[in-house]
Each structure stands twice: as structure tokens, then as C-alpha cells.
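Heads up: the sequence lines are chains Z and D, in that order.
Here the first sequence stands for residues 4 to 423, numbered as in the numbering used here.
Here the second sequence stands for residues 4 to 423, numbered as in the numbering used here.
Don't read these hints as lab results, they were simulated from the structure.
Treat the hints with caution; some may be incorrect.
Since the list gives no way to pick out one identical chain from another, each pair is judged satisfied if it fits inside one copy or across any two copies.
No more than 20 angstroms apart at the CA atoms, straight line, and that leaves these computed lysine to aspartate or glutamate pairs for EDC-like [stated by the list, open to error]: (1) LYS204 / ASP253; (2) LYS269 / GLU146; (3) LYS204 / GLU118; (4) LYS55 / GLU125; (5) LYS269 / GLU167; (6) LYS204 / ASP79; (7) LYS63 / GLU167; (8) LYS204 / ASP397; (9) LYS393 / ASP134; (10) LYS393 / GLU109; (11) LYS204 / GLU323; (12) LYS272 / ASP363.
There are 2 protein chains.
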Amino acid sequence: MSHTAEIIAVGTELLLGNIVNTNAKDISQALAGLGISVFWHTVVGDNPQRLKDALDIARKRADIIITTGGLGPTYDDLTKQTICETFGRPLVLHSDILDTIRGYFERNVHMNMPENNVQQAEFPEDCVIFDNPVGTAPGCAFEADGVHVLMLPGPPFEMLTMLENHAVPYLRNLSSDVIVSHDIMTFGLGESPMEELLREKMSHMDNPSLATYAKPSEVRLRATAKAATAAEAEAMLAPVVEEVTAFLGDVVYGIDVPGLENACMKLLKEREWTFATAESCTGGRVAERITALPGASAVYRGGVVSYWTSVKAGVLGVPEDILDAYGAVSEETARAMAEGARRVTGADIAVSVTGAAGPDPDERGVPVGIVYIGLATPEGTFCRPLDLGKRRRDRIQDLASNHAFDVLRRYLTGLPVEHP
Amino acid sequence: MSHTAEIIAVGTELLLGNIVNTNAKDISQALAGLGISVFWHTVVGDNPQRLKDALDIARKRADIIITTGGLGPTYDDLTKQTICETFGRPLVLHSDILDTIRGYFERNVHMNMPENNVQQAEFPEDCVIFDNPVGTAPGCAFEADGVHVLMLPGPPFEMLTMLENHAVPYLRNLSSDVIVSHDIMTFGLGESPMEELLREKMSHMDNPSLATYAKPSEVRLRATAKAATAAEAEAMLAPVVEEVTAFLGDVVYGIDVPGLENACMKLLKEREWTFATAESCTGGRVAERITALPGASAVYRGGVVSYWTSVKAGVLGVPEDILDAYGAVSEETARAMAEGARRVTGADIAVSVTGAAGPDPDERGVPVGIVYIGLATPEGTFCRPLDLGKRRRDRIQDLASNHAFDVLRRYLTGLPVEHP
Chain Z
4 MSHTAEIIAV GTELLLGNIV NTNAKDISQA LAGLGISVFW HTVVGDNPQR
54 LKDALDIARK RADIIITTGG LGPTYDDLTK QTICETFGRP LVLHSDILDT
104 IRGYFERNVH MNMPENNVQQ AEFPEDCVIF DNPVGTAPGC AFEADGVHVL
154 MLPGPPFEML TMLENHAVPY LRNLSSDVIV SHDIMTFGLG ESPMEELLRE
204 KMSHMDNPSL ATYAKPSEVR LRATAKAATA AEAEAMLAPV VEEVTAFLGD
254 VVYGIDVPGL ENACMKLLKE REWTFATAES CTGGRVAERI TALPGASAVY
304 RGGVVSYWTS VKAGVLGVPE DILDAYGAVS EETARAMAEG ARRVTGADIA
354 VSVTGAAGPD PDERGVPVGI VYIGLATPEG TFCRPLDLGK RRRDRIQDLA
404 SNHAFDVLRR YLTGLPVEHP
Chain D
4 MSHTAEIIAV GTELLLGNIV NTNAKDISQA LAGLGISVFW HTVVGDNPQR
54 LKDALDIARK RADIIITTGG LGPTYDDLTK QTICETFGRP LVLHSDILDT
104 IRGYFERNVH MNMPENNVQQ AEFPEDCVIF DNPVGTAPGC AFEADGVHVL
154 MLPGPPFEML TMLENHAVPY LRNLSSDVIV SHDIMTFGLG ESPMEELLRE
204 KMSHMDNPSL ATYAKPSEVR LRATAKAATA AEAEAMLAPV VEEVTAFLGD
254 VVYGIDVPGL ENACMKLLKE REWTFATAES CTGGRVAERI TALPGASAVY
304 RGGVVSYWTS VKAGVLGVPE DILDAYGAVS EETARAMAEG ARRVTGADIA
354 VSVTGAAGPD PDERGVPVGI VYIGLATPEG TFCRPLDLGK RRRDRIQDLA
404 SNHAFDVLRR YLTGLPVEHP
């Protein structure tokens, strides 16, 4: 049976334009992966009458309704109450969940639970409860007259955790087809050239299908197959992934790898190597990305954010004559920064970034977007010079940190690093 | 007269979760500034029947309908046609606009206009046309039976340009009220306790109103007033902002300041001081946040990401006997890290972070969530010990970086730093 879903976000802050509705996007992606068609997104404020109106419209045109938000402890969190009124279900207090919420407060917040959190332990009669390990608001799901209603929390990271752990498994049980996807991760080719390259292939493909998704400065190619079993879907996907990967060559940095830093961590672990960073214009983004990964200490020793020239000289030991002759944003300085980071940390390999991220040119007049990536290795030192153009500061910083990981990845896989 | 608006986004790519609906957020913000209440956001696919259904619902509950998307030249761009059918208006070809679109192609795309672009020159009879200097799809607006319908393009940059140049002036003519908001930014008090504290005040306030918005580990209090003029709204807000700020005391770190790092940058600039960082468990997040701000080099010299103990010793000069006796995650090490960062960079003040971000306890068994923030100053060294609880790794890293800025902010404003 084919399902039709509507996503209803509840929150006045969305209607005031304070935040963007990323939850609708994330849920839609997950449902697309399950073969469930989403035909409507709706946003209403923290207003019970308008939420009731939205539910009355939704139950006529969808058989899966997913709400986000309004599960919190405050007086304007009314999603559960309003849904129960609309669908004629009583709310029931779950004392075991109340204990869990009290425990969360004592353990994580070191205070007694405020009394208004009690409403977070009340649920519709006869529902499946979705626990929330990263917040206080559990979610839930029930079926009424052939309509499945799922309630998820509003804060995106709580919603995502519950979506993955509870809502997706719940919905997968409703559907007979299995959808499997694999992501071919690439860096170094834009979305348009990628689509040009693959147009012939993509236009002839329906199942499996191939679609491009652009992240800033990366393109993810998603191959998706629908079949009766996961094994069947995998068998349909394998030749497509293999053919496209071979066709694209070394711009592919991994299959189902979340980011370039994950690819680098894997390569470093395989060699049992450690690395270090020296960052100027990226200001710690390369370090932050690698240390966001659990277990980073196996491969990452540390680094220096040498924002001032005096720190490049004093902490990294970049020779003053290089800084004087070529300036802070130069190939020579990038090389000396990487060598310095490798030396002071004792790492096997070190990557450096120096450049002009803007909005103004650097003090010597180097234009915005000029960036040098250095790489110090046991075999010698390399450099990738870049002109990233007059982009926004945060885009240049993101893109430069991606190039730093790409230089590392290419070296560790035996490819030339000087060009992306 | 008070208006009620609904925003309808048209585009299957939104329902597939390929893109996020930033247009709804941007239009909502603009309308809030005009005193127009947005009660609904709706998203439908490129499907004429479902768009017609959405329009039929919207015209019953809103007197301003703003659509985005579906104004392009392809066969599935059906917004104008569907709106004209729903509201019973004929479409009329505007030959002058057809010429403009032909010219755009010749000038910017260097090709002849494809014939399917002709539909972009057709408009509802008796409408106001919104020209599009940054794309080929003009927008338009008309009134029918007391409902104003505005059609804007889907690509965000084109939408924003047209919103500002045409839609906002069109809507301003419909409304007499102005809405002004100010954000009271706080750190150190959760959303629930904040609401408990302010419940009495908040429940008695309608205009100006007061609402809380939680960011991870911060709470923003927004005070909003509606009046005939901006000056009148400001006069209504001033006593509220003053009273609430005084009531909350030193958890308030600024009014209309985007984040703690911005507050620190301002305080450092006032003193003409520079600062430095030494980070272990935050892995560069403090450095990354300050260097995300344009002009950071005026106050930030640089820092060390001392992820390994050997880097704490070798680069920051943390004495080996301190590391041996107390371990990497300890008050003593936090103090020595801050002192080391201050010494090696020559900054006036330095902040350090060391802790166990998880998922596993540190090598000496320090539990996840234990974090120490050090601060080295010309007056001596301070430390804030924290137990952030068994949160997710990225939440601990975010929260710890917020505490680092809070310690810096409190010191620079003459407050004790040991407790948040």
C-alpha cells in the first residue's frame, strides 16, 4: 500500500522567521528513502485552534501525519493535548517516564525538575512512546482510523535522533518496499559540471536512480534502488556505484562517508600515522572538524592557530626572513607553517592553511580568496595554491578547510596534491 | 486594519527534502517587521490540483497569500496558471516584458530565448508586475475579493531581491502598524528556569510581548512591540528591556548581540587587549568562533589545540609534573594551559579548555562532561570547574566553548568567573 504523508511543524518562532524549518527537510529526506510520498508541509504557531484546523485538514488528505515541536514543558507547548482532543484520545500520565525526566534533571542539570515538566510524561492512550536520550521531551505515535500520527520534538538535534532511532523504524513497518541508497562522495567538481558529465547516465535511470546534492564545495551523488528486499536493492546498486565511481575517478573520496575528515581519519588509522594542523585564515576549522569525530585522538595530536604573524614565528618557528620576504599569505609561509606544526607536535604529517578570507584584503594587499595549503610529510613538503574568488568569509573558510583535508587525503592515497 | 498572511511555497524539491525552505523564513521576517501576522506556511509540490487545493484553503483563512516558486519557464512551472484558474482571472501576454526576457538571454546567457520562456511574460489581468533584475522570472500581485495574492520566484537570491524591492513596499501600503523587537541575550540559565522566573511578567504582557527562544545552552529573550511608528514602538520597549535586564542581572551578556564571542570581541576592543586560546576537548571551536568574525585579528592573536598531552607539554609548556600528578583533565592543567597560551602568544589574556567530551571517559577515567576552563590574566590565573553531564560529544564541545567565552566576558566586565 502506498502512503501519503504531511509534516506539520508547530512553533510561532517559525512563523516569525526566527528559525528555518530544517526539520521538514530532514524528515522529507528520510521519508523519500522509505518510499513514502510527502505531499504537504504545514507550519502553524503555538495556537491550539489553528493546530486543530491543520490536523483536521491533514487527516483528510494524508494517512501519515508527523508533527514537530510543542512537546516542551512550557505553557505554550500544546501539541499532545491538541492532537488528543482532535483525535478523541485521553492523555495518560506515565509515572516511569516522569521518573526518567526527573532523573535527567538531577543528572544533567543538577536541579529538581520544575513542576511544569510533568506534562512531558503524559501521552495519548495506546501509543508507542519514542524515548529521547538527548532531551526531556519524549515523542510518540498512534494510529486512529487508518491515520498514523507521529509526534517528534522541535529542537533539530533531538528530532534527528528520534527520527533515526524511532520514527524511521516505525514507518518502515508500514511499507512493503525497501529503499536502499548509497552516497558517492566527491570533492573537486561542481554540481553543474557533474550533471553535464553524468547527464546521459542519469536520464536513462529510473530504478536505480542517481541524483546530485550539493553541499558547500562538495557534491554528493546518491544512488537509490527500490526492491522487495534489501539484498535485491543492494544487487541493483552495486554495478551503478562501481561504474560511476570508476567514471569519476579520483574526485571520489568515499562511499557513504560523511565528510572529507572521516576519509582522512580512516586513511591515517590504516597507516598508524598522526597528524597536526597549522591554521591562519581557517582559524581552527580544520582542527575543529577532526576533533568533532569521536576517537580523533588516535590520529590527531594537535595544532596551532597562528592568526598573528608573531605566532607563526614564535610558536611555529616560521623564519622571520620568509615572513618578511613573502608575507604571511604565501606559498613559502604555508610550507614553513606545515613544517613547524609537524616539528613542534612530533606528528607524522602536518597540514597548514594561510590565506585572505576577507572581507578585506590582507595587510600586504593579497586579494580575498587567495589561499595556500601546505603539507609537510616524511618525503618533503608540498603546497596547493588556490584562488577561491571573492566569496563570503565563511564560505572561503569552509572551502579552504575542505581543501586542507583534500590535500591530506590525496597524499595518503598516493595522488598528486598540488591541484584539486 | 490587521492582516493575516499565508506563505505557500511551490516545489517538489522541498517535499523531497533536497532543499530547505529559507524563503518562508525570510518572508516571515519581513512581514513581522511590517506588523503583518503570518499564521501559516504551506509547501506543495509542482502539482496543479494540490496547489489549487492549497489556494482554496488559504483564501478562506488569510487575506494576504504569498507564493514562492513555479514562475520558471519549464512545463512544471504552473503557479501563475493555477492561481489565475483558482481566482478566475485570464492570463495576458505582455510583449514589453517578453522583449526584456529576450534581452536578458542575449546579454547574460549569450543565446536566443527558448520558446518556453514565453510563459514568463504572461500575467494575470489587472496585476502589478514585479520586475526581476537578477533572473528571468518576474513576479506580480493582484487583489481579488479582499485577498492580496503576491507571486515571487523560488531561487532565494531572486526572491530576496524582489521581496525587498517590490513585495515589502506593496505590503507596507496595506498596513499602518510597525513592529520592533530587541533581543536580550543570556547565558547561564536554562529556558525552563527562565520562564519560571519571568512567568509573572510574561503572562501580563501582550504589547510589548516577551518570548524566550533557546539556542543550545543559551536563551534569547525577545521583546516585541507594535505601534504606529518605530519611535513609538521603541519608547514602549525601552522600559521593558531595562527592567528585564536589571531583573536578570549578570546572566545578560548583551542586547541585540548575536553571540558570546561578539560580546567578548567588543569588550576586548574597548580595553585594546588581545587574547589567545589553548584548547583540548573543544579542539579549536573557541578559535573558530572568534575567527568567524570579520576583523578578529584586532583582538585575537592565535592559540594552540593541545589535543595530545605531549602538545600541552611541548608547545604550551605545561609542566610534566602537573600532567603526571593531576592528569590532562584537571584544574591545574587548565590553569597551566592558559598561562602557556598567554606566554607563547604574548596576548594580554588567554582562555583554556580541557575536559572529557566523550563518548568515552578520558584515559585516567575522568567522566564524560567534566570540563575545566582556565583564564590567565595580568592579575593572576582563574579556573571554572564544570560538570556538563553525560551529554552528546558535540553538545559538550559547544557548551564548553560557550563557557570559555562566558569566563572571558565575566572577567572583562569585572565579575567573578569561577561560576557561570
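Violations among the numbered hints, reported as their numbers in ascending order: 2, 5, 7, 8, 11
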